[in-house]
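Enquirer: One letter stands for each residue in the lines below.
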Amino acid sequence: MREPLLEIKNLQKKYPIYGPLGKLFPPKTYHKAVSNMNLKLYEGETYGLVGESGCGKSTTGRSILGLVQPDSGEILYKGKDLTKLSDAEFRPLRRDLQMVFQDTLSSLNPRQRIGQLLEEPMIIQGMGDANERRQKVLDILKMVGLAEDHYFRYPHELSGGQVQRLGIARALIIDPKLIVCDEPVSALDVSIQSQILNMLTSLQKEMNLSLLFISHDIGVVRYISNRIGVMYLGSLVEEAETDELFANTLHPYTQALFASIPDFKKKERKVSLSGELPVYTDEFKGCVFHTRCPHACDKCRECAPELKEVIPGHKVACHLVK
Amino acid sequence: MSKQNTNVSQASAAILQEQKQIRREQFFSNPGMVVGLIIFALIVLSAIFIPMFNGVDPNKMDVINRLKPPSLEHLMGTDEFGRDLLTRVLYGARSSLGVGCSVALLSCLFGTIIGIYASYFKVLDMVLMRICEGLTAIPGVLLAIALMAALGASNTNVIIALTIVYTPSVARVVRSSALVTKGQTFVEAAKVQGASSGRILWKLILPNVISPLTVQASYIFAQAIISEASLSFLGAGIPAPAASWGNILQASKSVLQKAPWTVIFPGAAVILCVLSLNLLGDGLRDYLDPRTAGRKK
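Listed in order, the protein sequences are those of chains A and B.
Count along the first sequence from 1, then add 26; that gives the number in our numbering.
Count along the second sequence from 1, then add 343; that gives the number in our numbering.
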């Protein structure tokens with residue numbers, strides 16, 4: 027058994043829901059954005075996390091980097107629980123863990139030139155002297171397909187695709203081991219998407235990176251991931267290697283999700299989901315998906331299924347799958 | 344490596360040149376700011392240099408020639424003690440601008456420190472903002488008069504009193520735009536890189552607060568000149584016989600009908616100065632933001 031690079035154990039994060047008078051009174055109840063999330067990420071792999079908006083995939087990604095403080099659970103990296111580290115203890119580990127943001131332009135300081143922007147992480151991490159850093163910036167610009175004379179440009183002077191390359195360059199510049207990509211291509215048009223995805227995969231091989239790729243776009247995730255985790259209402263409902271998941275889709279939610287991919291050949295859609303994610307409070311009982319599941323039975327409304335390995339490497343949380 | 348660097352420096356020279364060019368065009372495409380800057384510079388330069396060279400004593404009385412209308416000898420006429428009004432207005436500009444400038448700088452300094460820390464630390468925010476609210480609850484001029492009464496009339500005390508009056512408003516402006524900046528993704532990105540809170544505050548948030556701060560500074564500069572004039576007008580400002588725009592106006596109010604020029608000229612000086620500062624501040628706000636600078640080309 028391989029040792030995972032990063033392991034998330036029973037992660038939980040609740041957000042308060044206030045009554046009509048707002049924060050004057052204690053919260054009425056809590057919405058569980060992430061509950062019982064378990065995930066293992068191995069070195070050099072791309073793990074795709076899919077799910078609809080609000081299912082907690084971003085919260086999971088952001089808690090790895092300490093941008094969200096989880097309520098309970100562990101995130102183990104190199105034997106250390108990231109959720110319990112102070113800022114100072116976390117700082118050296120941040121060299122290994124980086125993030126690419128969805129809206130990259132707003133993740134770049136508008137007042138810094140690109141050269142400074144890329145140098146900043148190295149300065150913070152205390153890497154190299156001024157000359158080495160400059161050389162590194164120029165190297166990385168070339169690696170992500172930007173020109174050297176972008177060095178003195180401001181981020182707003184670049185196009186959308188170039189900005190995304192820049193965002194990736196900034197994550198790569200301190201040689202991380204794991205990059206959390208939070209919807210990195212969803213703001214780009216399709217031709218640019220594929221460029222960026224190809225670049226990511228080739229850089230990943232070159233630098234032996236692990237990627238946690240968060241997206242709502244199944245096509246993109248299928249293209250880039252080795253393994254896929256399908257998330258619904260705060261936890262994984264199905265997890266398998268990419269080919270296995272598409273060949274042998276077990277969970278009703280995953281089936282519905284795949285059926286929602288537009289297909290020109292078939293006019294009719296087999297399964298379609300209606301409604302939205304329910305509010306997941308402590309009173310919520312049963313399987314997370316039972317409110318929208320076409321096959322829900324009494325058992326599903328009573329107790330929640332566990333994520334079980336039904337076929338080697340293929341885990342599902344559903345009572346109906348034996 | 345050195346070859347690459349020369350390539351970069353060649354390319355970069357062109358880009359920097361181009362960016363400078365855009366900045367220059369941007370500067371001149373904003374007529375309000377250019378006009379404001381020219382008027383303000385003229386006021387400042389004449390306040391500094393004319394009294395140095397013409398050697399007229401602003402306090403020299405000439406009772407025979409009192410309340411003379413403007414003439415070649417006295418370009419702005421004379422006041423009720425026969426003092427040359429032009430010289431007094433210029434000396435008044437020195438003290439008024441001195442007060443305005445010091446108040447603007449000091450209240451921006453303190454206001455920025457308070458505002459930025461308040462935006463970042465919640466407990467501090469509660470304490471500092473309640474104090475600021477308390478101070479803003481009292482009308483500005485009233486507070487200044489009360490402070491002047493407590494401190495005693497002098498040039499320094501005017502500056503201290505007005506700084507106390509204007510610091511809360513700077514703190515509020517800085518805090519609110521710092522809060523906006525703090526919520527932006529690039530601050531999160533800096534956290535992901537491991538930046539300390541000090542670095543985030545002063546290297547990320549401060550530069551993004553500068554443009555509203557500039558507007559606020561120019562506004563306070565102008566307001567402080569007016570407030571100093573009102574304080575002096577009410578007799579709580581810079582004490583006579585030293586000239587300031589406010590106490591020239593105050594001394595003139597009793598002879599307003601007989602010698603209107605004693606009010607018109609210092610009044611016009613105040614208006615011109617405040618107007619030019621406001622034009623300048625408005626222009627600077629746009630000019631200092633690289634995003635609008637890029638878009639306008």
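These aren't lab readings, by the way, just hints derived from the structure by calculation.
Don't take every hint at face value.
To be verified - Below 30 Å or equal to it, Euclidean Cα-Cα: the simulated DSS-like pairs (lysine-lysine) are: (1) K325/A with K348/A; (2) K104/A with K465/B; (3) K525/B with K49/A; (4) K403/B with K110/A; (5) K525/B with K162/A; (6) K546/B with K203/A; (7) K49/A with K403/B; (8) K348/A with K334/A; (9) K465/B with K168/A; (10) K341/A with K35/A; (11) K525/B with K40/A; (12) K66/A with K35/A; (13) K106/A with K601/B; (14) K106/A with K66/A; (15) K325/A with K66/A; (16) K534/B with K110/A; (17) K311/A with K54/A; (18) K106/A with K231/A; (19) K465/B with K596/B; (20) K162/A with K534/B.
Enquirer: Please verify whether K106/A and K66/A have alpha carbons no more than 30 Å apart.
Expert: Satisfied, since the Cα-Cα distance of roughly 15 Å is no more than 30 Å.
Enquirer: Sort out whether K534/B lies within 30 Å of K162/A, counting only the CA atoms.
Expert: 21 Å, holds
Enquirer: Would the hint linking K341/A and K35/A be met if the CA-CA limit is 30 Å?
Expert: Within the cut-off at roughly 16 Å; holds.
Enquirer: With a cut-off of 30 Å on the C-alpha distance, tell me whether K525/B and K162/A pass.
Expert: Roughly 29 Å separates the two Cα atoms, so the pair holds.
Enquirer: Compare the distance between the alpha carbons of K546/B and K203/A with 30 Å, and conclude whether the hinted pair is satisfied.
Expert: 27 Å, holds
Enquirer: Sort out whether K40/A lies within 30 Å of K525/B, counting only the CA atoms.
Expert: 23 Å, holds
Enquirer: Against the 30 Å threshold, does the CA-CA distance of K403/B and K110/A hold or violate the hint?
Expert: 76 Å, violated
Enquirer: Can the restraint linking K348/A and K334/A be considered satisfied, given a maximum Cα separation of 30 Å?
Expert: Satisfied, since the Cα-Cα distance of roughly 10 Å is no more than 30 Å.
Enquirer: Quick one, are K104/A and K465/B close enough, alpha carbons at most 30 Å?
Expert: 33 Å, violated
Enquirer: Would you mind confirming whether the straight-line C-alpha gap from K465/B to K596/B stays at or under 30 Å?
Expert: 50 Å, violated
Enquirer: Holds or violated: are the alpha carbons of K311/A and K54/A at most 30 Å from each other?
Expert: Holds, because 18 Å separates the two Cα atoms, which is no more than 30 Å.
Enquirer: Within a Cα-Cα threshold of 30 Å, do K49/A and K403/B meet the stated pairing?
Expert: 67 Å, violated
Of the numbered hints listed earlier, those contradicted by the structure are 2, 4, 7, 9, 13 and 19.
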